[in-house]
Amino acid sequence: MVSDKLTKAILLSSSLIVLIISAGIVFSLAGGSIPAFKEFGFKFIFTNEWNPTEGHEIYGALPFITGTLITSILSLIICIPLAFSTSLFTAEYFRNTKASGIISSLVDLLAGIPSIVYGLWGFYTLRPLIINLGLSDQGFGIFTSSIILAIMILPYATSMSTEIITMVPEELKEAAYSLGATRLEVIFNVIIPNARSGIIASYVLALGRAIGETMAVTMLIGNSNTVPSGLFAPGNTMASIIANQFGEASGLKLSSLIAIGLLLFAITGIVNSIGKFIIKKLV
Amino acid sequence: MVIIKISPLLDNTKARDKKNKLFRAFVIAMSFITVIPIILIIGKIIINGIGQINFNFFVQTSPDSLQAMTAIATNKVIPGGIANGITGTFLIVLMASVMAVPLGMMIGIYLYENQGRRYTNLIRNTSEILQGVPSIVLGIISYLWVVRNVTKGFSAFGGSVALSIMMLPLIIKSTEETMKMIPNEIKEAAFAMGAPYHKIILKVLIPTGLSGLSTGILLSLSRILGETAPLMMTALGSSIINFNVTKPTSAVPLLIWEFYNDPNMVNLVWSSALFLTVLVLTLNVLSRRIAAKIKIGIKK
Amino acid sequence: MIETLTNIENPILKVRNLSIAYETDRSAVKDINIDIESKAITAIMGPSGCGKSTLLRAFNRLHELYPYIKTTGKIYLNEREIHEMSTVELRRKIGMVFQRPNPFPTMSIYDNVIAGYKLNGIKLVRSEYDSIVENALINVTLWDEVKDSLFKKGTFLSGGQQQRLCIARTIAFNPEVLLLDEPTSALDPVATASIEDLLVSLKKDYTILLVTHNMAQAARISDNSIFMFMGELVEYGKTETMFTNPKDPRTEGYLTGKFG
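Listed in order, the protein sequences are those of chains C, L and P. Here this note's numbering is used: position 151 in the first sequence is 151, and no number is missing along the way. Here this note's numbering is used: position 118 in the second sequence is 401, and no number is missing along the way. Here this note's numbering is used: position 112 in the third sequence is 695, and no number is missing along the way.
Warning: the hint list may mix true and false statements.
Covered, in the sense of this in silico footprint (three residues per stretch, anywhere, with C-beta under 8 Å from a C-beta of chain C), are these stretches of chain L [stated by the list, open to error]:
id, stretch
1, 337 to 346
2, 389 to 396
Okay, derived cross-link-like pairs now, DSS-like style, lysine-lysine, Cα gap no bigger than 27 Å in a straight line [claimed, not checked]:
id, chain 1, residue 1, chain 2, residue 2
3, P, K841, C, K280
4, L, K301, C, K5
5, L, K482, L, K470
6, C, K173, L, K482
7, P, K657, C, K173
8, L, K576, C, K8
9, P, K622, P, K657
10, P, K657, P, K841
Just so you know, the hints here were simulated from the structure itself, not pulled from any lab data. No residue lacks a Cβ here, since even glycine has one placed at the ideal position from N, Cα and C.
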């Protein structure tokens, strides 16, 4: 029928929009970064300087790439023991009990809180705590940001792991128990080997989220444009430098920020693809 | 018959039992530590924010720095509210939904009807990659596309384009999943009656899948309502209530950012944060409830 | 009055007043009293839902994994009450093979056989492991078929071979009792026959308790048979006698196919 053909054509063209948008994003980011790469070459990625003084402008992405990588990886390291334990709590030790239902729901709530609200809490509660513990006088920095990121990515690290652990067949566990294993031994010798890919995939995807986080990090990282000098030193991430400086940027600075956006896009894309690849191998 | 010979087995059960108990205690302790932040965060927003919420909060626009400073100096309650933010958020999110929801549903239906093809997988994978793009990058994109070239200045429309790109993959995914759950017989029955394809979509598929589709919409709304970064570089913000989509517009997260950065208005952050968080969490919980009901319905 | 074999000398297992309930209001097994003969095959039969698997799993205390299952009564292994032993010790003496073959998919065949040792943290020398693996696999007649693929994962094996691997895994620990929960119901007739032959050869060294829903299987290989119905022990006797001359009308009804 003619009208059916038309409907199908409309649906097909709507699907093209996904490709157009994605291609458009790549082209716009690349196009916008060209002035910066023309001026600084690929050294841009390794340059540790961000100097906007007129006449001597030098911009480099290294401080922010390291800031992003350090905070994200550190946040994952902090997050993993907590996420892993919570998954085991809800999927194994206390499966199908009220307690695990409550903990599950609470963790899920974490995913709903807006980034800026995390930033507020981090600024008004976490920062004074860090200051009181004597870890840093201002309370800003890599460590504080990593903690808030760890909390933010918890639900992503937990939910898929919990699902995967639940799917390990009962009979494998029973066989192990029948051989005299303790619960701990069943967890590490049967559940984990069978759930390994899924658990790793969920951590990789959580890392992807941490890399792209903006507001909370911007409010807690201390806004310094060099490679961070220590765990409690201030810094900036790719996302936070864009957030801080995009509003009034123009010319070469704007192009450099767009270039950083391009790098951020690429890194997030790679990490997420790795995570999705691991999941596909599972199935 | 070969007899299996084994050396006498040592009795290490006590040590293993101890390790077992210790690990269990560790898991329980860690799980409780995990839930502490959520309780603290929500607690703090409620405790600090509830005081400032009153009728004016919803109908008055945000105060400026001078008004706030004067009020503090004279020990009065800071005047104003977040009406400009609420209307701005509403406008921007509405436009984003109008763009993303119909488009996302069409694409989701396309994917559902064309399973298994290489092109379909390409679209699906691209949509998933799009989902992972950080919101600030989408802010840059909308800045380049809309603020620079279309509205020639910061605008609500720019903000909604960024947010609609964020919503799109979620709508696509939930539409495809929902369509997959509709029993084939329903679709076949409609075809057998000779109905044209677009009518089947509008009058059969979508109404049948309404719960699932709503879940996706609610979930994507809750995701974009809290976004700040992309709006900072597109909608910019405004101190007045604005319905002109080509002009800078406020939004609740933007107001929170402004209050946070102004030492005089800092106390206003909590009520706005409370409002925003309650809004987002309500949509979140609602969408999960509906999703759970669907799952139970299917099990039956 | 329940018929029991009264002439078993030194029964290896004794069950006294065993009752098992799911969520307190549904009794799955009611007041069982039996003695199990050592180094013989005892079949547990009955229609679906009669409690035979539930009874079997009480012997290695597998029910304790599930908090909603309540067990009362006593079971004695060699005069020791099993609930007073540690589960680790109990499960070294009583091993279990399940209905669907379940070799650990992430372990090689070699590691599967010695899984019991690895799980229990027992460290032996490599040569000891080698001989255990070889002996166990010979005993289940799997050695020749897998000796060149010991370090591959067991998933390429057929159903019957996988089940024999699971039996090897259990006997590698040299238990006294083997519990088998419908071990051949997921296998084809050829594989079933090979497992049945294996069990007959194993009974010289192990006491075997076999749950089966296949009466013919019970008739073929078991020495003694237990018939259960709706959670109760209805009849228990030498297989030959029970099949030719059942004492309880329910037993007769089941054996003649009036119900199943």
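Verification of the hints:
Counting residues of the stretch 337 to 346 of chain L whose C-beta sits closer than 8 Å to any C-beta of chain C gives 0, which falls short of three, so the coverage hint is violated. Counting residues of the stretch 389 to 396 of chain L whose beta carbon lies closer than 8 Å to any beta carbon of chain C gives 6, which meets the minimum of three for the stated coverage. For a cut-off of 27 Å, the pair hint linking K841 (chain P) to K280 (chain C) is broken: about 51 Å separates their Cα positions. Straight-line distance between C-alpha atoms of K301 (chain L) and K5 (chain C) comes to about 70 Å, which puts the hinted pair past the 27 Å bound.
Distance restraint check for K482 (chain L) and K470 (chain L): the Cα-Cα separation of roughly 11 Å lies within the 27 Å cut-off, and the hinted pair is therefore satisfied. Distance check on the hinted pair: K173 (chain C) and K482 (chain L) sit about 51 Å apart at the alpha-carbon level, beyond 27 Å; violated. At most 27 Å may separate the alpha-carbon atoms for a hinted pair to count; K657 (chain P) and K173 (chain C) meet this at roughly 25 Å. Taken as a hint, the K576 (chain L) and K8 (chain C) pair is broken in the structure, with Cα atoms around 32 Å apart against an allowance of 27 Å.
For the proposed pair K622 (chain P) and K657 (chain P), the alpha carbon gap of about 21 Å is at most 27 Å, so the pair holds. Our distance criterion of 27 Å between C-alpha atoms is broken by K657 (chain P) and K841 (chain P), whose separation comes to about 34 Å.
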